[in-house]
Amino acid sequence: DQQVKQNSPSLSVQEGRISILNCDYTNSMFDYFLWYKKYPAEGPTFLISISSIKDKNEDGRFTVFLNKSAKHLSLHIVPSQPGDSAVYFCAALSSGTYKYIFGTGTRLKVLA
Amino acid sequence: GAGVSQSPRYKVAKRGQDVALRCDPISGHVSLFWYQQALGQGPEFLTYFQNEAQLDKSGLPSDRFFAERPEGSVSTLKIQRTQQEDSAVYLCASSPQGPGSNQPQHFGDGTRLSIL
Chain A
17 DQQVKQNSPS
27 LSVQEGRISI
37 LNCDYTNSMF
47 DYFLWYKKYP
57 AEGPTFLISI
67 SSIKDKNEDG
77 RFTVFLNKSA
87 KHLSLHIVPS
97 QPGDSAVYFC
107 AALSSGTYKY
117 IFGTGTRLKV
127 LA
Chain B
-12 GAGVSQSPRY
-2 KVAKRGQDVA
8 LRCDPISGHV
18 SLFWYQQALG
28 QGPEFLTYFQ
38 NEAQLDKSGL
48 PSDRFFAERP
58 EGSVSTLKIQ
68 RTQQEDSAVY
78 LCASSPQGPG
88 SNQPQHFGDG
98 TRLSIL
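Chains as they are written, first to last, in our numbering: chain A, 17 to 128; chain B, -12 to 103.
Take these hints with a grain of salt, some might be off.
[What the hints assert, rightly or not] Some chain B residues near chain A, calculated using beta-carbon distances under 10 Å:
| no. | residue |
| --- | --- |
| 1 | E31 |
| 2 | D43 |
| 3 | L78 |
| 4 | S82 |
[Claimed, not checked] Computed cross-link-like contacts, SDA-like style, restricted to lysine to any residue with a CA-CA straight-line distance of at most 25 Å:
| no. | chain 1 | residue 1 | chain 2 | residue 2 |
| --- | --- | --- | --- | --- |
| 5 | A | K72 | A | T113 |
| 6 | A | K53 | B | R99 |
| 7 | A | K53 | B | N89 |
| 8 | A | K53 | B | Q84 |
| 9 | A | K21 | B | P86 |
| 10 | A | K21 | A | E74 |
| 11 | A | K21 | B | D43 |
| 12 | B | K44 | A | T42 |
| 13 | A | K21 | B | Q90 |
| 14 | A | K70 | B | S88 |
| 15 | A | K21 | B | E72 |
| 16 | A | K53 | B | E31 |
| 17 | A | K53 | B | P83 |
| 18 | A | K21 | A | N43 |
| 19 | A | K70 | B | N89 |
| 20 | A | K115 | A | E58 |
| 21 | A | K53 | B | A(-11) |
| 22 | B | K65 | B | G27 |
| 23 | B | K65 | B | L26 |
| 24 | A | K70 | B | Q84 |
| 25 | A | K21 | A | G112 |
| 26 | B | K44 | A | S110 |
| 27 | A | K84 | B | P86 |
| 28 | A | K115 | B | K44 |
| 29 | B | K44 | A | I117 |
| 30 | A | K115 | B | S49 |
| 31 | B | K65 | A | A57 |
| 32 | A | K21 | B | D96 |
| 33 | A | K84 | B | S88 |
| 34 | A | K115 | B | Q28 |
| 35 | A | K115 | B | R9 |
| 36 | A | K125 | A | E58 |
| 37 | A | K21 | B | V76 |
| 38 | A | K115 | A | M45 |
| 39 | A | K70 | B | P83 |
Simulated from the structure, these hints should not be mistaken for lab results. We put the beta carbon where it would ideally sit given N, CA and C, even for glycine.
Please model the entire structure based on the sequences and the hints provided.
Printed below as a string of structure tokens:
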């Protein structure tokens, strides 16, 4: 029972173009969402988050969009850079709890 | 260093041996989490500590897995009588406050455990 799904295992994008990574969730109690980036042999590092009271949060080249009715969120990276090549995980949490649920990840490859 | 530190980075053990994995969270962080990450999967929750109290161990796969954080800082995950299916990366994460504060976790680089 996968409560957080990342249906695209991999994505390739040309340098300078937009990367869009998608994440779907099933539990309507989730109200805080995060994106993490992971390089090989390193732990995940926090990238950006969004609370369910918002539908968009932006931080430099990274923007997260939340569509609560569709239970869908996406991460946009513009412009994409080769250093963005990594595995991206989305995670979800119900406020007041501590159990973060992670998706299976999407491997992004940015081609120079 | 200022980050979460895990040791060893790599551990190879024979089936049936006991192993102990260590996590040094960021100083002062209240919350500490252990995750198991299988190849091609996302981190799966194992257990959660708030200071020295283990509030949730529902993710531990069997009673061969045991975690402790006796003084509310360093934590150890112990696996007894290891099996091949225990092979995975074990990640530790910490965050400054307890539940209800909606904050990102800081992860260590993990321990890659291989059971032969």
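Hint by hint, here is what the structure shows:
Contact between E31 (chain B) and chain A, as hinted, is supported at the beta carbon level, the nearest pair being about 7 Å apart and thus within 10 Å. Against a cut-off of 10 Å between C-beta atoms, the interface hint on D43 (chain B) holds, since the closest Cβ of chain A lies about 7 Å away. Interface restraint check: L78 (chain B) against chain A, minimum CB-CB distance 6 Å, threshold 10 Å, status holds. At about 9 Å, the closest approach between the beta carbon of S82 (chain B) and any beta carbon in chain A falls short of 10 Å, and the interface hint on this residue holds.
With a C-alpha separation of about 23 Å, the suggested pairing of K72 (chain A) with T113 (chain A) holds against the 25 Å cut-off. A threshold of 25 Å between alpha carbons decides the hint, and for K53 (chain A) with R99 (chain B) the separation of about 18 Å falls inside it, so the pair holds. With a C-alpha separation of about 19 Å, the suggested pair K53 (chain A) and N89 (chain B) falls inside the 25 Å cut-off, and the hint holds. The hinted pair formed by K53 (chain A) and Q84 (chain B) meets the criterion: a straight-line CA distance of about 22 Å does not exceed 25 Å.
Of the pairs offered as hints, the one joining K21 (chain A) and P86 (chain B) holds, with about 24 Å between alpha carbons and a cut-off of 25 Å not exceeded. Simply put, K21 (chain A) and E74 (chain A) have alpha-carbon atoms about 22 Å apart, close enough for the 25 Å limit, and the pair holds. Between K21 (chain A) and D43 (chain B) the CA atoms are separated by roughly 24 Å; this keeps the pair inside 25 Å, and the hint holds. For the proposed pair K44 (chain B) and T42 (chain A), the alpha carbon gap of about 23 Å is at most 25 Å, so the pair holds.
Taking the CA atoms of K21 (chain A) and Q90 (chain B), the gap is about 21 Å. The hint holds against a cut of 25 Å. Straight-line distance between C-alpha atoms of K70 (chain A) and S88 (chain B) comes to about 17 Å, which keeps the hinted pair within the 25 Å bound. Restraint check for K21 (chain A) and E72 (chain B): the C-alpha separation of about 23 Å stays at or below 25 Å, so the hint holds. The hinted pair formed by K53 (chain A) and E31 (chain B) meets the criterion: a straight-line CA distance of about 16 Å does not exceed 25 Å.
In summary, the hint linking K53 (chain A) to P83 (chain B) is supported, as the alpha carbons are separated by about 20 Å, within the 25 Å threshold. As the CA atoms of K21 (chain A) and N43 (chain A) are separated by approximately 11 Å, the hinted pair is consistent with the 25 Å bound. Proximity of K70 (chain A) to N89 (chain B) is assessed by CA-CA distance (about 14 Å); at most 25 Å being required, the pair is judged to hold. Restraint check for K115 (chain A) and E58 (chain A): the C-alpha separation of about 22 Å stays at or below 25 Å, so the hint holds.
Taken as a hint, the K53 (chain A) and A(-11) (chain B) pair is honoured in the structure, with Cα atoms around 19 Å apart against an allowance of 25 Å. For the hint pairing K65 (chain B) with G27 (chain B), the CA-to-CA distance comes to about 24 Å; that is within 25 Å, so the pair holds. A C-alpha spacing of about 21 Å is found between K65 (chain B) and L26 (chain B), which places the hinted pair at or below 25 Å, so the restraint holds. Among the hinted pairs, K70 (chain A) with Q84 (chain B) is consistent with the structure: their alpha-carbon atoms are about 23 Å apart, no more than 25 Å.
At roughly 22 Å between alpha-carbon atoms, K21 (chain A) and G112 (chain A) fall within 25 Å of each other, so this suggested pair holds. With a CA separation close to 18 Å, the supplied pair K44 (chain B) and S110 (chain A) stays within the 25 Å bound. Taken as a hint, the K84 (chain A) and P86 (chain B) pair is honoured in the structure, with Cα atoms around 23 Å apart against an allowance of 25 Å. A C-alpha spacing of about 11 Å is found between K115 (chain A) and K44 (chain B), which places the hinted pair at or below 25 Å, so the restraint holds.
With a C-alpha separation of about 15 Å, the suggested pairing of K44 (chain B) with I117 (chain A) holds against the 25 Å cut-off. Between K115 (chain A) and S49 (chain B) the CA atoms are separated by roughly 19 Å; this keeps the pair inside 25 Å, and the hint holds. Only pairs whose Cα atoms come within 25 Å are accepted, and K65 (chain B) paired with A57 (chain A) is accepted, the gap being roughly 22 Å. With a C-alpha separation of about 23 Å, the suggested pair K21 (chain A) and D96 (chain B) falls inside the 25 Å cut-off, and the hint holds.
Distance hint between K84 (chain A) and S88 (chain B) is fulfilled; the C-alpha atoms sit about 21 Å from each other, no more than 25 Å. Distance hint between K115 (chain A) and Q28 (chain B) is fulfilled; the C-alpha atoms sit about 17 Å from each other, no more than 25 Å. For the hint linking K115 (chain A) to R9 (chain B), the alpha-carbon distance of about 21 Å falls within 25 Å, and the restraint holds. Taking the CA atoms of K125 (chain A) and E58 (chain A), the gap is about 17 Å. The hint holds against a cut of 25 Å.
Annotation: proposed proximity of K21 (chain A) to V76 (chain B) holds, straight-line Cα distance about 20 Å (limit 25 Å). Of the pairs offered as hints, the one joining K115 (chain A) and M45 (chain A) holds, with about 12 Å between alpha carbons and a cut-off of 25 Å not exceeded. Taking the CA atoms of K70 (chain A) and P83 (chain B), the gap is about 23 Å. The hint holds against a cut of 25 Å.
Against the hints set out earlier in the document, no violation occurs for any number.
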